[in-house]
Structure formats: structure tokens, C-alpha cells
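S.K.: So in the numbering used here, the last spot in the sequence shown is 362, and the numbers never skip.
Do not rely on the hints blindly, as some may be mistaken.
Mimicking EDC-like on lysine to aspartate or glutamate, the simulated pairs with C-alpha atoms at most 16 Å apart in a straight line are [what the hints assert, rightly or not]:
1. Lys172 - Asp125
2. Lys347 - Asp81
3. Lys357 - Glu319
4. Lys124 - Glu298
5. Lys281 - Glu319
6. Lys357 - Asp125
7. Lys124 - Glu296
8. Lys331 - Asp87
9. Lys342 - Asp81
The set of hints was computed from the structure by calculation and includes no laboratory data.
Keep in mind that this is a model prediction, so the values were computed, not measured.
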Amino acid sequence: MFRKLGLVLAFAVLCTGFFFAGDAENASAQSTAPKPTATPSATPPPIVDDEVLKIDTEVVNVLFTAQDRNRRLLTSLTQSDIRLLEDGVPQELSAFTRQVDLPLSLSILIDVSVSQQRTLPDEKDAAISFLESVVRPSKDEVAVLSFTGETTLEQDMTNNLTRLRRAIENVKFVPPSGYIGGGVVVGGSVPGTPPISGRNQGIQGSTAIWDAIWVTSREVLGAAPERTRRAIILLTDGQNTSGQKRLDDAVDAAVRSEAIIYSVGIGDSFYGGVDKGTLNKVSERTGGRAFFPRDENELRQAFKQIEEEMRSQYLLAYEPSNQNRDGSFRKIEIQLVNPALKDQKIKLTHRQGYFAKSDNKK
1 MFRKLGLVLA FAVLCTGFFF AGDAENASAQ STAPKPTATP SATPPPIVDD
51 EVLKIDTEVV NVLFTAQDRN RRLLTSLTQS DIRLLEDGVP QELSAFTRQV
101 DLPLSLSILI DVSVSQQRTL PDEKDAAISF LESVVRPSKD EVAVLSFTGE
151 TTLEQDMTNN LTRLRRAIEN VKFVPPSGYI GGGVVVGGSV PGTPPISGRN
201 QGIQGSTAIW DAIWVTSREV LGAAPERTRR AIILLTDGQN TSGQKRLDDA
251 VDAAVRSEAI IYSVGIGDSF YGGVDKGTLN KVSERTGGRA FFPRDENELR
301 QAFKQIEEEM RSQYLLAYEP SNQNRDGSFR KIEIQLVNPA LKDQKIKLTH
351 RQGYFAKSDN KK
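Starting from the given sequences, assemble the full structure and let the hints guide the process.
M.R.: Following this line, the structure appears as C-alpha cells:
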């Protein structure tokens, strides 16, 4: 099994098997301890009777966006324009609404490996501007994490913009041991606390993207309050070079926490550029989108588009016709049934499925 990261998270880990977590701990709680590295969760607490009553009937919530062929967001769809299928079977919707007011739990996940050295300052500036525009302190909360071969919690969930701004400003490029600049490494090994897998420690300038998403989904967003939109803004070149988790593990963790991943693919051509295919895959499977800015202006535009999408979402809710509590993955498909909209080549973006609850308690 996995080794715990050496440093301890500065927040209480909540881990349940439900889609809606309980109340989160105070999002503004702070610690003066050293920056913690994210840690896999402990064994979930036993389910109590009142929790069992709440989940006798499963309700699935699905966020989606609609765009025309020119990527313009559509905000005028009605329930009669679409239908939802689970594993190919049409489902009866219990709710359909434009969703712009739900609280947001957001994690900014920043690659600080050697390949990001030149682009990191612009990324930080754009991320700060994004938060100042998007976050509503009365409703929303944000966490900031950085990663190389390990993931570090720079700022726990908070609605305090000053703390968030400071956390992003303090994010620094992490050179491998022996790095002298210009991509040149002279001997040595990567020091520090072993991440999820100690194998990462021996890899120069390692980047464990999937470990970072996995830990963020489970330990940070997994503890978000119920009735909350969850999202990850992933700033990286998509070049995963180490780690114990695979892309599928990262996607599964995000789906279980109902987190949408928006990838901002930015990197240095000296280190192989950006892996667009991988970032498209991890984003699309969670209902998000990948952006590939070529300069500072396009980077800011990417954040602007993410903001617009988050303000233009629809929320569907339904009780699955398949009420088997077997823990299986259920495929979701939202289809247009309005002929006029189908002719316009409207694209619907949503997560590709969910995991059913399970009565099998291990």
C-alpha cells in the first residue's frame, strides 16, 4: 500500500463513500506549522443509522455546459431540449436548472517542476487575477497546491483572498538537486520527504501529475460541503514523469469527488513542450476542458473562458432506474433531442459517469 507523505496536512480529512460530503471544517482555519504535503486518507468512519436513511434513494447530480460550433456558451436550454441516459437507459430528470449560484470549492494545482521555471511567473499572475474575479468570499472557497514529485498544500480551503494571493505569490519553482540553470543538472539526488511512492525521490526533476490530482480530489475536494460545485484548475505541461498513480486513477478520484478538471497546458519547448492529448483526456473525462495558451495574453484568456464556463453551467438531477448498490461505474450521456439545436452542432460537455454507492463495507 501507499506510504504516507512525510508532512501532515493542515486540515481535517473527511472521507466518505457518498457523493455529498458532510459539513466542511472552517475553511479559513490556518496553521503556523511548515507547509504540509498532502496525505492519503485514513480509514473512513463507520456509517451511522441516520446516514443510511439519507442514502436509501440515490440521487445523481450532473453539471454540464453547452457550446455552439464557435465555442460560444448557450444559456437558454430547457429540459425539453435534452435527455439523459445512464448506461444507455433514458432517465427521468427530477431537476433541471441554470446553475450559477451554487457555492464553489476550487483547487489551484500548480506544477513547479523544472519545466515550468520560465512560465511560472505568468501563471501565478493569471491565477491571482482569476481568483479575484471569480471568488465570492461569502460563498466560495479555494485551496492552493503545488507539485513536483510530491504534492504540497500551500493554502488550505479558505475564502480569504489575501491569504490565497499570498499563497500563490509564495509558490516557487523547485529545482532538482544539482540544478545550475538552463536545464543542466549536475549529479546529486532529489532530497526531501518521500511522496506517495518513495520511488519518486530518486528521479531528477520528477513530475507526478496523477498523484497530485488523486490526492487533491480525495483529501482537499473530497471534504467539500454538500451542494457544492467542485473544480480543479491544473497548471502543467502534462508531462508526467513519476508517481504511483496512473491517469485513470486520477480521473476516478476526480469523478468520485465530483470534481471537474480544467487543464491549462503551458510549458517550455526546451523540455518537450505540452502533452495536449493527455491534458485533453483528463479534462474531458471529468466534464472540463483543456486550454493551450501560447503567450501571456492567451493565458489570461484561458482563465477568462474557465470563469465564463463556470458561470454558464446547467445542473441536472435524477434518481437512477438502476438502484443496485454495487459500486459499479455508470456511464452518463446527455443528448440533444431538439432538432434545431442538433442541426447547430451544439456540443454538450459533462463528466462521463459516476460510481454507484456500495453496500459492500470493507
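S.K.: For this structure, which hints from the list above don't hold up?
M.R.: 5, 6
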